[in-house]
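Novice: Sequence:
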Amino acid sequence: MRKTFLIITAILGVLTIILGAFGAHALKEVLSSDSLKSFETAVRYQMYHVLVLLFVNTTQILTEKTKNNLSYTLLIGVLLFSGSIYAITIGGIPAKSIWFVTPLGGLFLIVSWLILLFGFIKSKTV
Numbered sequence: 001m002r003k004t005f006l007i008i009t010a011i012l013g014v015l016t017i018i019l020g021a022f023g024a025h026a027l028k029e030v031l032s033s034d035s036l037k038s039f040e041t042a043v044r045y046q047m048y049h050v051l052v053l054l055f056v057n058t059t060q061i062l063t064e065k066t067k068n069n070l071s072y073t074l075l076i077g078v079l080l081f082s083g084s085i086y087a088i089t090i091g092g093i094p095a096k097s098i099w100f101v102t103p104l105g106g107l108f109l110i111v112s113w114l115i116l117l118f119g120f121i122k123s124k125t126v
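Just so it is clear: in the sequence shown, position 101 is 101 by this note's numbering, and no numbers are missing.
In case anyone wonders, no lab produced these hints; they're calculated from the structure. A few of these clues could be false.
Claimed, not checked - Heads up, simulated BS3-like pairs for lysine-lysine below, C-alpha to C-alpha not over 27 Å straight-line:
(1) Lys65 to Lys3
(2) Lys124 to Lys65
(3) Lys3 to Lys122
(4) Lys28 to Lys96
(5) Lys65 to Lys122
(6) Lys37 to Lys96
(7) Lys3 to Lys124
Take these sequences, add in the hints, and give me the full structure.
Specialist: Here it is as structure tokens:
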């Protein structure tokens with residue numbers, strides 16, 4: 001399972017760089033200033049959480065159960081948070097139709113950080 005999470009993490013990392021470059025070059029003339037800022041936020045949050053996923057799946061500090069819980073909640077959070085912003089900014093999906101997805105993704109990301117916090121508290125190696 002760990003290898004699968006690391007492969008997914010690497011794929012998300014590659015996509016983050018591609019999307020960041022796409023936003024910086026191709027979308028500069030297409031999106032409004034506000035939409036471009038939203039897109040950049042999605043890319044930035046995706047990269048932050050790719051790095052957290054990389055840490056989670058390579059550390060010896062956390063239990064396997066904690067690593068799995070964190071990996072799933074982080075992946076869901078990134079897909080919902082960043083994915084919904086991508087869908088709105090470049091997919092043309094009206095924000096009103098998926099307004100609840102972005103905060104739900106944010107909630108998953110918050111829960112992930114809380115799982116990480118409690119994983120550190122419970123760890124016997126820290």
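Novice: All hints, please: hold or fail.
Specialist: Checked hints:
1. Lys65 to Lys3: With Cα atoms ~15 Å apart, Lys65 and Lys3 stay inside 27 Å; holds.
2. Lys124 to Lys65: At roughly 14 Å apart (the allowed maximum being 27 Å), Lys65 and Lys124 satisfy the hint.
3. Lys3 to Lys122: holds (24 Å)
4. Lys28 to Lys96: Holds - the C-alpha atoms of Lys96 and Lys28 are around 24 Å apart, at most 27 Å.
5. Lys65 to Lys122: Measuring from Cα to Cα gives roughly 12 Å; hence the hint holds.
6. Lys37 to Lys96: The hint holds at about 18 Å.
7. Lys3 to Lys124: holds (24 Å)
Violation of the numbered hints given earlier is absent; every hint is satisfied by the structure.
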